[in-house]
Amino acid sequence: MAAVLEVENLATHFALREGLVKAVDGVSFSIAPGEVLGLVGESGSGKSVTGFSIMGLVDPPGRIVSGSIRLEGRELVGLSEDEMRGLRGRRVAMIFQDPMMTLNPVLRIDTQMIESVLAHDRVSEKAARARAAAALTQVGIPSPEERLASYPHQFSGGMRQRVAIAIALLHRPALIVADEPTTALDVTIQSQILAEAQKLCRESGAALLWITHDLAVVAGLADRVAVMYAGRIVEQGQVDDVLDHPLHPYTKGLIGSVPSGAMRGSRLAQIPGATPSLGRLPPGCAFAPRCPRVIDVCRVTSPPESQREGRRLRCHNAEPAP
Amino acid sequence: MLAFIIRRLAQAVVVVLAMVSIVFFGAYVVGDPVWMMAPGDATQEQIEEIRRTFGFDQPAHVQFLRFLADIARGEFGRSYVHGSSAIGLILERMPATLELAFAALVFAILFGIPLGLYAGLKPDHWFSRAVMAGSILGFSLPTFWVGLMLIMLFSVMLGWLPATGRGPTVNVLGVETSLLSLEGWRHLMLPAINLGLLKLSLVIRLTRSGAREASLQDYVKFARAKGLSQGRIIGVHILKNILIPIVTVLGLEFGSLVAFSVVTETIFAWPGMGKLLLESIQRLDRPLIVAYVMVVVLLFVTINLIVDILYSALDPRVRITGAES
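In the order they appear, the protein sequences are chains A and B.
In case it helps, the numbering used here puts the first sequence at residues 1 to 322.
In case it helps, the numbering used here puts the second sequence at residues 1 to 325.
Everything labelled a hint here was simulated from the structure, so no lab data went into it.
Source: prediction; values computed, not measured.
Beta carbons: idealized from backbone N, C-alpha and C, even for Gly.
Hints are supplied without guarantee of correctness; some may be wrong.
[Unchecked claim] Here are the simulated distance ranges between beta carbons: (1) B:181 with A:134: 54 to 64 Å; (2) B:142 with A:66: 51 to 61 Å; (3) A:280 with B:153: 53 to 63 Å; (4) B:155 with A:63: 36 to 46 Å; (5) A:18 with B:230: 23 to 33 Å; (6) A:61 with B:14: 53 to 63 Å.
[Stated by the list, open to error] With a straight-line cut-off of 20 Å between C-alpha atoms, the simulated SDA-like cross-links for lysine to any residue are: (7) A:126 with A:153; (8) A:252 with A:293; (9) B:240 with A:153; (10) B:221 with A:62; (11) B:122 with A:59; (12) A:252 with A:280; (13) B:122 with A:63; (14) B:221 with A:252; (15) A:252 with A:42; (16) A:252 with A:238; (17) B:122 with A:14; (18) B:122 with B:111; (19) B:240 with B:251; (20) B:221 with A:275; (21) B:221 with A:81; (22) B:221 with A:105; (23) B:221 with A:63; (24) B:240 with B:206; (25) B:240 with B:109; (26) B:221 with B:110; (27) B:221 with A:17; (28) B:240 with B:209; (29) B:221 with B:109; (30) B:122 with B:205; (31) B:240 with A:151; (32) B:122 with A:82; (33) B:221 with A:101; (34) B:122 with A:17; (35) B:240 with B:80.
The shape of chain A in the complex, shown without the other chains:
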């Protein structure tokens, strides 16, 4: 089946006073209908900027400098703001990290949902309201008619995130970009939201790009995973393969830093050093200064992308196959 989203060699740079920051630098991936791709990385790895680039919501001084983003075969890079606005919310929707901040505090839920319907469809306000109520039911909010007349502050964080998901689903988009939507929630609510999102995507056939720093979330939710480091995807493949047998030293380090029952009592592994500043990357591989498997060539040239065992990998000296 044709991919819903194909991103090729995407580069989004920020021209700051301190210099050019290559937040996203040559990222390629694709997502099939109904598929969940987990985009994993530390803060500052460029994963959120990747999401905003797809939405066409990168604000100056940031700019997509090269590459291509195709949504259902249509090229998004270079579309006018008006054309892009017509797609946002309709074919591609986004869920944000902090549900406390994404709903406008002074507008009622119905206002915020109805305006989303009316932004793309010429229907009566009554019809739009009915659709809003149906969407709330879909995400498991009881007595939606009453809840529609509430303000955001009358909802809990989990409920607000459900509302945000309901808004994202209003137009049955082909792709949903979810930028750490469970990070700000309690663990129990987190798993509910995860299950809900997974179920809704299966039902509606929407592809899901799930941006997160939490490997556990990816393990439970995603079909495939892409690991990002310093603006590049260093490893991507089927989620079980990658998590069970990471080939890139960074992926291995990430997985090693997650505490687990089997390692009780032993020292928690960690990746030495800190994420490099994107404005001052080392000449070779960005991970080289922290890498346990570093070899001479790593410090000189950035590794090209290679295919191995059904994965895409950027490493000069990857882990041996299992």
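Given the coordinates of chain A, work out where chain B should sit on it, guided by the hints.
Below, chain B without anything else, positioned relative to chain A:
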């Protein structure tokens, strides 16, 4: 809500009493009104006679208590100069002042919010920089000087607008207004701009900082992600959030517009209560001064109350806590 309003009114009474005392003793210290009231060639006996008639021979606290007792009976005193009821004189002049203050406020909002929004949403544009520089001028130039400059430019040099007076007024339901005739508007224009200039700068700066802050919020980005038009995002999502501080500040500022229209009214010979106050201070017309202060305090309290009610209409979070308390 009713309990809230009653509590507010009780506070108002206390504030009025405190203000009246301060002003009464202030006016008492400033000078002896007898010299203003007596004719130039009055004999010592005549002066003593006036002093006894008005009770000025009594000690200050006796005069004050007598004054309070009068107020309690609803007797606010007669103007020494005009001989008629002090409150009546003020109320008679009040429509002119309210009209001027209202026009100044409308001027400030009508121009301030669009300019502020523009400056906040496009902070690097040359026009935004010009607006911000202009607003600093609006803040720092003294009102009397700007008034004189306006008169010089528009009345003397260009001859477009009249420099003094209120022009012809139309009586609507017993209130004289100049808003209903072109000539009235022409008279109102310069004083309103003069009085509103400071508030215009204030509105511009408030709107700008609010818009800058709001435009970085996640809810604006989320609204964009929903595919809403720019107009709806600015006009509904951003504006409704920044209106909260603007309404609060402007409400309070309306009181100050009324109370301190003294300068503008004097320059443009606008027949309002500010001009009356200035004349009364010069003549030590104590009842009028005190009555003026009472009216202004009541005005402030009422405005504060209206602002509180409006505020809860704008911000749903306030509404909830208000209902619970």
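Outcome of the hint check:
no.: 1; hint: B:181 with A:134: 54 to 64 Å; in the structure: 57 Å, holds
no.: 2; hint: B:142 with A:66: 51 to 61 Å; in the structure: 57 Å, holds
no.: 3; hint: A:280 with B:153: 53 to 63 Å; in the structure: 57 Å, holds
no.: 4; hint: B:155 with A:63: 36 to 46 Å; in the structure: 53 Å, violated
no.: 5; hint: A:18 with B:230: 23 to 33 Å; in the structure: 30 Å, holds
no.: 6; hint: A:61 with B:14: 53 to 63 Å; in the structure: 55 Å, holds
no.: 7; hint: A:126 with A:153; in the structure: 25 Å, violated
no.: 8; hint: A:252 with A:293; in the structure: 11 Å, holds
no.: 9; hint: B:240 with A:153; in the structure: 16 Å, holds
no.: 10; hint: B:221 with A:62; in the structure: 15 Å, holds
no.: 11; hint: B:122 with A:59; in the structure: 13 Å, holds
no.: 12; hint: A:252 with A:280; in the structure: 24 Å, violated
no.: 13; hint: B:122 with A:63; in the structure: 18 Å, holds
no.: 14; hint: B:221 with A:252; in the structure: 35 Å, violated
no.: 15; hint: A:252 with A:42; in the structure: 14 Å, holds
no.: 16; hint: A:252 with A:238; in the structure: 15 Å, holds
no.: 17; hint: B:122 with A:14; in the structure: 19 Å, holds
no.: 18; hint: B:122 with B:111; in the structure: 17 Å, holds
no.: 19; hint: B:240 with B:251; in the structure: 16 Å, holds
no.: 20; hint: B:221 with A:275; in the structure: 27 Å, violated
no.: 21; hint: B:221 with A:81; in the structure: 14 Å, holds
no.: 22; hint: B:221 with A:105; in the structure: 14 Å, holds
no.: 23; hint: B:221 with A:63; in the structure: 16 Å, holds
no.: 24; hint: B:240 with B:206; in the structure: 13 Å, holds
no.: 25; hint: B:240 with B:109; in the structure: 15 Å, holds
no.: 26; hint: B:221 with B:110; in the structure: 27 Å, violated
no.: 27; hint: B:221 with A:17; in the structure: 24 Å, violated
no.: 28; hint: B:240 with B:209; in the structure: 14 Å, holds
no.: 29; hint: B:221 with B:109; in the structure: 27 Å, violated
no.: 30; hint: B:122 with B:205; in the structure: 14 Å, holds
no.: 31; hint: B:240 with A:151; in the structure: 14 Å, holds
no.: 32; hint: B:122 with A:82; in the structure: 19 Å, holds
no.: 33; hint: B:221 with A:101; in the structure: 10 Å, holds
no.: 34; hint: B:122 with A:17; in the structure: 19 Å, holds
no.: 35; hint: B:240 with B:80; in the structure: 50 Å, violated
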